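Colleague: Given the structure of chain S, go ahead and fit chain D onto it with the hints provided.
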Amino acid sequence: MKRTIKLRINGSEHELAVPANALLLDVLRNDLHLVGTKRGCDMGTCGCCNIIIDGRAVNSCLVLAFDVEGRDIQTIEGVTASADDDSIHPLQEAWAECGGSQCGFCAAGFIMTVHALLENEPQPNRAGIAEALGGNVCRCTGYKKILDAVELAAGRMAATT
Amino acid sequence: MILPTFELHHPTTITELVEIARDLTAQGEAFDYMAGGTDVLPNYKNRLNPRPHVISLARLAGLDEIGVDRIGARALVDDLARSSVLSEHYPGLVEAARSVSSPPLRNLGTIGGNLLLDTRCWYFNQSEFWRESKGYCMKADGDVCLVVPQKEICYATYSGDLAPVLLVLDARVTLVGPDGERTVPLREFYAFDGITRFLKGPAELLTAVDIPSSSRELRTGYRKLRMRDTIEYPVAGVALALHTDGDKVGRLEVAVTGTEAIPLWYGDLDLTGQPATPATAEALQEALVDRVTCYRNVPFPPGYRKAMTGEYARELFSALVG
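Taken in order, these protein sequences are the chains called S and D. Just so you know, we're using numbering that gives the first Met the number 0 here: the first sequence kicks off at 0 and counts up by one. Just so you know, we're using numbering that gives the first Met the number 0 here: the second sequence kicks off at 0 and counts up by one.
Since the hints were derived computationally from the structure, they do not count as laboratory data. Just so you know, these numbers come straight off a predicted model, no measurement behind them. Any given hint could turn out to be false.
Stated by the list, open to error - Examples of chain D residues toward chain S, derived with CB under 10 Å:
| no. | residue |
| --- | --- |
| 1 | Ser55 |
| 2 | Pro103 |
| 3 | Asp228 |
Built from N, CA and C at the ideal position, the CB exists for glycine as well.
This is chain S alone, in the form it adopts within the complex (with noise of 0.2 Å):
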């Protein structure tokens, strides 16, 4: 039986009716057609499904939906460069100059990861960036264009600000 619910996501209020067992990466996907989130390994180990709430990167396959009511919800649609319009983000921009994203299924996911990061701290070393992706996996990169992407977005991102 579907229950109404109603979620912020990129500073949105949605509206909507959902099963009481919805997943949000499943309501995100399915309802809102928000795909840019993946469904990876489906079990919290791959990290394609991140997204951020309330700051923190989470897997959003192992989140219902009802539990994060009325908190704030990020997905990768919602990072742009500014907030009034969707020019891509410096982390977008550098992975796509790096190299950072082959066949980029998993490239949403560590992208949210890194932002909440760099929310954090803006000027991770590589060790530090390394241990924040260490719940993402691709399987293309071999992970070297990935920290050359992120080290190169936060110092532009440092630079500007």
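Modeller: Frame of chain S, contents of chain D only:
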């Protein structure tokens, strides 16, 4: 993966939660408490003992404080890992918290959930399809253990990281349920096999972890073995707490995880009065390996895991002597 159907309850106070638990118990309805969901939901997805009701702790107020004496059961593992007060007094607990699973899962998982972590086994943590093909085990849907074939004891392995450190610190847990509140030493909390796991009634909620002030004299450390440095569960882990009296061992506490169905505190392993030297570290290594038993139901061979508990104990002893 679609979760099985269940009714979801969202109490906002402990009183409300206890009422829901009491009503469901009276109706004969099974339920699980769920905090972070990082253990419950993967099991539910695999159809491992799902219940018709889930009582979520997501909207419960409080129970998330982190202090030197008391930690609320809903405190996030990531917050433990970053706690300056814990880092000052119990660095071993912070080390263990920092090593739990992966960063995003530490942002969801709680200390209470980590202590109550379900046991793991090759024959249990599998999809419904896999388990049906192999034949069900006694922990879910079957009646025989597939690790050590018999029907009495479940040999699934406990793999929480925080329990061994809290065991050496002699922590106590507070449980609240329809019959009131009680406090139990963690050393008496874990019991029996991979199905029973601990002496907690199904309607009891773990609300807090208390660490006695007498444990502040101890230096603590934690080491563990796992397939990768992140995400994976420990398949052997050792926590040590040491207080030296001059150049002798004043007090030494040892506990392990990732070996048997429950985390184990070795109270009989007494090296009080022994010199704090590498020779004693080796004696500790030998004594621990003698006591540890591992089963072939998680990654790495039992003999290797057993040997590694000894190695870690020796390393930790030397590191804590400093």
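Colleague: The structure should be examined with respect to each hint, and the outcome stated for every one.
Modeller: Okay, the hints, checked on the actual structure:
Hint on Ser55/D holds. Least Cβ distance to chain S is approximately 6 Å, under the 10 Å limit. Residue-level restraint check for Pro103/D holds (minimum Cβ-Cβ distance to chain S is 4 Å; threshold 10 Å). Checking Asp228/D against chain S: minimum C-beta separation of about 7 Å stays under 10 Å; hint holds.
The structure shown violates none of the earlier numbered hints.
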